[in-house]
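Make the full structure from the sequences, and use the hints.
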Amino acid sequence: MIGRSLPHEAAALHVTGRALYTDDVAARTPGLLHAHPVQAPHAHARITRLDVTPAHQVPGVVRVLTAADVPGVNDAGTKHDEPLFPDEVMFHGHAVAWVLGEDLESARLGALAVEVDYEPLPSIIELTDAIAQESFQGARPRLERGDVSAGLAASSHVFEGEIEFAGQEHFYLETHASLASIDDDGQVFVQCSTQHPTETQEIVAHVLGLSSHQVTVQCLRMGGGFGGKEMQPHGFAAIAALGARLTGRLVRVRLTRQQDMTMTGKRHGFHAAWKVGFGDDGCLQALEATLTSDGGWSLDLSEPVLSRALCHIDNAYWIPHLLVDGRIARTHKTSQTAFRGFGGPQGMLVIEDILGRCAPLLGIAADDLRRRNFYVDDQPTPYGQPVRHAARLDRAWQQVLDTSDFAKRRDEIARHNDQDPHAKRGLAITPVKFGISFNFTSFNQGGALVHVYKDGSVLINHGGTEMGQGLHTKMLQVAATALDLPLDRVRLAPTRTDKVPNTSATAASSGADLNGAAVKDACEQILARLAPVRERLGPDIAWEDLVRHAFLDRVQLWAAGFYRTPGLSWDASTMRGNPFKYFAYGVAAAEVEVDGFTGAYRVTRVDIVHDVGDSLSPLVDLGQIEGGFVQGVGWLTLEDLRWDTSDGPSRGRLATQSASTYKLPSLSEMPTDLRVELLEHAADDGAVYGSKAVGEPPLMLAFAVREALREAVAAFGPDGAAVELASPATPEAVYWAIQAAKTRAGKAQV
Amino acid sequence: MSTDPAANLPQAPVTVNGTVRSLAAAGPAVNALDWLRGIGLTGAKEGCAEGECGACAVLVARPGLDAPTEWTAINACLVPAAALVGQEVVTAEGLGTPEALHPVQAELAGRGGSQCGYCTPGFVCSMAAEFYRPGRAEFDHHALSGNLCRCTGYRPIMDAAAALGAPSADDPLRRRTTAAAPLTRPVRLTGWVRPGSLDEALAALDGPGAVAVAGSTDLGVEANLRGARPALLVAIDQLDELRSLEVGADFVEIGAALSLSEIERQLAGRVPLLDEVFPQFASRLIRNGATIGGNLGTGSPIGDLPPALLALSADVVLVSRAGERVVPLADYFTGYRETVLQPGELIGRVRIPQPLAPMSAFHKIAKRRFDDISSVAVAFAIEVSDGVVGRAAIGLGGVAATPIRAAAAEAALVGQPWSAATVQAAAEVLSGEGTPLDDHRASASYRRAMLRESLLGFEARSRLDHREGA
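In the order they appear, the protein sequences are chains A and B. Using the numbering used here, read the first sequence as starting at 1 and increasing by one per residue. Using the numbering used here, read the second sequence as starting at 1001 and increasing by one per residue.
All the given hints hold, so there is nothing to weed out.
If the Cβ cut is set under 7 angstroms, some of the chain B residues that face chain A in the computed set are:
id, residue
1, G1110
2, G1112
3, C1116
4, L1144
5, I1365
Simulated from the structure, these hints should not be mistaken for lab results. For each residue, glycine too, the CB sits at the ideal point set by N, CA and C.
Here is the structure:
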């Protein structure tokens, strides 16, 4: 069963509209209350008066929730810096109260009727302003190896530069949704679109002043998560639960797209200042950098995101001397959070940008420069972990060069570019090395509950959540393989905190590794108990008969499985250790064509070889690779978060807060020719059935597109000049880069 | 008007997946999506509530061009539920079941076309509309231009589309296309009226707070995102008087209530400039609802049709109970979202004078190729005789409070030789037209640059075409 190409386990439900999401359950539940937020129209302000009484004049309004209603802790996070009901508005759109109505219209009108007086306070919107004003929060990690000053001094070529690049809105198609109810015993039941049911449970419990065993959270499935539902759902679930607790009725919280975009965190934008040294051979000698992430108004997951950024600034490259400082800016924006890659993409963007900018100045082709700097097997990363299987990256790289006809096409492109003054093409190849496991060692545990019923049918629960990534499909395959049963004998039940407790977020690409190993453990426990029965009855005994006899023999037919990733260590204070079980590798080559009149471009061909170990489920993995790649292309080229940075009345307002203004890739952005292969002979002995995690790493294959754009832009100007490219590289950004290239002399500064 | 055309329709019937349902209980502010979800059909989803993501797409049976009935995909989130009265609707649930998948569903499911599955029912409906399009030779990817997927990267969805065969002869939805479309009948509900004639519509529009609605692709956004709740909606999209299209010797005249999809197919390439606009105008889902009259009626400073229609020197024929008047489109826009339209007045037809200028082009500058709003839109219609520019009309969107003609740039071209030098000079003039702003779509300086580059690019391509044609 493992390794078979199967459609998503719920595909037939998806396509027929039968698959239920949290708010579909709400739509089928009569008599529930609807919640609507009162959103502040200031980036930073003190609330001087909050009068909810006018809302009660609106027909249908049942209750208005404010800080005074919180029986437990008024906090929506785990760091006690995210008041659920604030007295100080920290970003434009911050919810200061919630109105419950018999229908959404009455709740909406009630929210409009709530009167709030604000005393506006100075606000910081731009990351560079936060840096200038030293507005920072949280830890200031430093990653250090060797002697960076000596390394720079010994380098033949030293360059320095800066880059600021944008974050990204998750834009899961399903916005945040929760549905809460209270039973006769005061038990709270919250259905929630959450990647982290356990933490949702904990936040709901502490807001309500309850213990965890009084709160159950269930996640049926999510309409996309991408990290945006790792920490962000908790507050909304708490609002629903608080409303249910106070009214005794079912309460639904479901954000509109604009509410979701203006209230929830996004991928962190970063600023980086760097100084790099190369030897005459193009080998990296030293890198000194300061990375500042835009954390928004509260810490949220900004610290671990920053750690991962620092741990991925090397990407695939050996850098002997390195000193990287990390800082988290506090700005008056949404609290930026996890997003597929979790800082890894941001760290890698910095080094890929450096190599792309410096290659022309070194007189070395960018692809050659990259390959010259690859790690070799067991060379240590800056944080001290040996790079196991580095040769696989080299193998994938060569495979892409070969199958994409890279050298031949580059010659063709050069000829085309010589002849066409208005349209230039670019071709680039980039690597991905991505560490798998949560940096924080304790999170690397998974749990499962496997039931074998008397009729031989099997029911699995595990701690992971399904957001479209195919985790449940893989878990069914793992269980069927472990028990040696046909797939239709195994069923999977929705994720619930009363089935598998104390779970980690389904995040860090680790869902299949952790939960798969736990499911396998549970299955193996059951098989071990069945073994004596099988021995007695003979090896040919049918599964159903075996189970029936085992039951009569009083054999326990269910088991709790558990897994903790072995061999991990991490010291956050020194930024050293072996935080990752293994590295996932990938290589992409991309070709683009850029229109010189407008800066508009097309991605014409992409070749990818990606390492998923021995694939558990090839169709699922292929989907993750392609989808992650396109999402990365969106981040780097198209998706454009714009906040109002004026001093006007809507300062701090997210200007791109809807689907009409925030553009994610549509099928028009799909590469004309997309070829994806899985790296062969790539089994990893450390993970379940030799497989590797696949959720996040492919996103970073998209750097090939950004670097191809840089190559194409360069073709508009003289050889040997560095090209600076904004991120996202929108058509406008590409146009300005072309104008700069056209007016630039060769061998300019970076 | 005292007739109550809905008196014999007590229960506001809508046929959904073959079953007659009543929407009498739905209030006037309820959109089709919320109504469908409220009766348990939760396959259609809200992803954006502004017709951008297509998660809410459903099929409606409409009069067809190549068959008596065509299954047309629309955004259910934008359309008032009341607009469905008397109509036939099919949702993803109605196409197939997990045990008996529809061909579109089977291809999508089997090829990994769904991951999280939230956008999937909408894709299924958009894809099914294309599946049933009469005379379809191959799958037109523009059918999916209004559907967003955040998970797959689209490749398996495109593969599923490409793998579709033709509907089988006994496919009930295909058979349905051979019978007449549902009759359009007058309807009157609280807050909603579908008049039986233009005269009745004009009478209804005289009432307080009455607003005309056709495809509702703009009004639906106002309702969903900004809480617009007009007192009375007067549906004009099915009025025969507003749905004619005539190509004459002197004019091409287009009825205001024709959807962009209908216009595209009925014109069949006879106005090449508009043919360049259509595939770039929003998405198929929107074009199936949005009308040419609505596009001008909203008075957007960008639009995409207005710059093209300005370049075509179009007139609008306005109708009211007092009669008709003809206004040049260049005089129609009076300010930001303001026009010469008087209360009680409707756009009846759009009139494009013939003959058309032989050289034309539409340049849309946007971040995304499909379904994006222009930061700048430029339309050219130019005639060159004996190497000299005889006439030049340039329409611009996105550079002023209204769509405008680029009068100074036109003057810099007319009477001059069609040469690189002329175009270079005129392009500089063009870049100074209007008063472009900095906003989240583009900077003012990029907008100005794009005005200039659009003319340079137009000239470069016309030379290339000339060479290749020679």
